[in-house]
Amino acid sequence: MTSAQPNPEERLRELGIELPAAPKPLAAYVPAVRAGDLVFISGQGPLKDGQVVWAGQVGADLSVEEGREAARLAVINALAALKQEVGSLDRVVRMVKLVGWVNSAAGFYQQPQVINGASELLEEVFGERGRHARSAVAAHTLPLNFAVEIELIAQVQ
Amino acid sequence: MTSAQPNPEERLRELGIELPAAPKPLAAYVPAVRAGDLVFISGQGPLKDGQVVWAGQVGADLSVEEGREAARLAVINALAALKQEVGSLDRVVRMVKLVGWVNSAAGFYQQPQVINGASELLEEVFGERGRHARSAVAAHTLPLNFAVEIELIAQVQ
Amino acid sequence: MTSAQPNPEERLRELGIELPAAPKPLAAYVPAVRAGDLVFISGQGPLKDGQVVWAGQVGADLSVEEGREAARLAVINALAALKQEVGSLDRVVRMVKLVGWVNSAAGFYQQPQVINGASELLEEVFGERGRHARSAVAAHTLPLNFAVEIELIAQVQ
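Chains A, B and C, in that order, give the protein sequences. Count the first sequence with the working numbering and you get residues 1 to 157, in order. Count the second sequence with the working numbering and you get residues 1001 to 1157, in order. Count the third sequence with the working numbering and you get residues 2001 to 2157, in order.
What the hints contain is simulated information worked out from the structure, not anything from laboratory work. Glycine residues also receive a C-beta, built at the ideal position from the N, C-alpha and C atoms. A few of these clues could be false.
To be verified - Chain B stretches covered by chain A per the calculated footprint, using a threshold of three residues with CB under 8 angstroms from any CB of chain A: (1) 1030-1041; (2) 1113-1119; (3) 1124-1133; (4) 1138-1144.
Hey, can you work out the whole structure from these sequences and the hints?
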């Protein structure tokens, strides 16, 4: 099923996901910059309506499952930034690269499982085009105590 | 005022900023690599004349304001590396992407405010072309105990 | 000697390095994605035959020299992923950018020396074309307790 080329905007509707307004940068930068056919998207946290939904360290304050939800919400915000930059997610050629930082307790080693919350959504929405290269790493703290921060590079038409 | 297209080399002079010699890599790599019209600049710390000016954790050893100064100095070193690669900063089409790591005390959440020290300088020097995508994250330690480390991608003519 | 343009596949043989099968992703992503002439390679750890060879914090559990070995092994895995994507390493035009995260003890500042284990191998194998831009940073923990994680961007024909 994921080998088909889904229509991403339609898939979002089927999944009941309404993209928010593009996240307002926390500071002196912009949500996304296009250079040639690559769009570089700023690091996003698990914010909804301007509120941090998932805060704290995964492996201490939050479970892996909660961390996955945080990663899913952060990547939805990244898609909102991407859509604002290019007009429609149907113009995505390929999700190229994702970096996921997990706010991690000492001795927590399951960052890949947490960041899967983001990676799996990209595959659900974009099918094969959603399969990306990725680094999942740890931080001992993050801006606003985000449980995760996700940055993304996409190739577009 | 930032919507105008300033002449970056002239703006640096107006700001009284003299770019240093391109930073000598700490190890087996180079300060910048160009691939097509993108220049990837190596991670830079708050060094001046080969000395670390700002060392330690922001939120413990250093204030947010000191962290901002560290970020500003690190991005000046990044601009020096970029200038060495392309000859003149006037050839910059767009600052594309910045990643800022803040050497952070446990429970410190203001990485965006710290990295603004770098982002605001880019906008002062490059105007609209200086507005970039960005991730601000934390590390519990950094090379040479740098207070911040900044890496940059620029699009050039 | 490194100014010559070596044949990378031949150099690997001379160095006695046999690339493993491309690393199996730990999760819902792929080892490498090509966009134009850039290949983005997923973060790699010091795994061999599916086992973590170097685990723990450099500066506490591991020495700098052991960390260097971990970085060398991680970048060999990155080269395996790159080769799978493009067919032969002889198609590499330039190693563009490397990010190295070092699983670091508190107060450990020698991340550049550790990541040199990866950078020096790239120069041994690719000569001048192997000289890359780089960021070396710290994490207090990493997936599977990897001693290092390495991600890479390469430019290819």
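Results of checking the hints against the structure:
Coverage of the stretch 1030-1041 of chain B by chain A holds [criterion: at least 3 residues with CB-CB distance below 8 angstroms; count 3]. Only residues whose C-beta sits within less than 8 angstroms of a C-beta in chain A count toward coverage, and the stretch 1113-1119 of chain B has 4 of them, enough to reach three; the restraint holds. Residues of the stretch 1124-1133 of chain B with a Cβ under 8 angstroms from some Cβ of chain A number 3, which satisfies the need for three, so the listed coverage holds. For the stretch 1138-1144 of chain B, the stated coverage by chain A holds: 3 residues have a C-beta nearer than 8 angstroms to a C-beta of that chain, and at least 3 were required.
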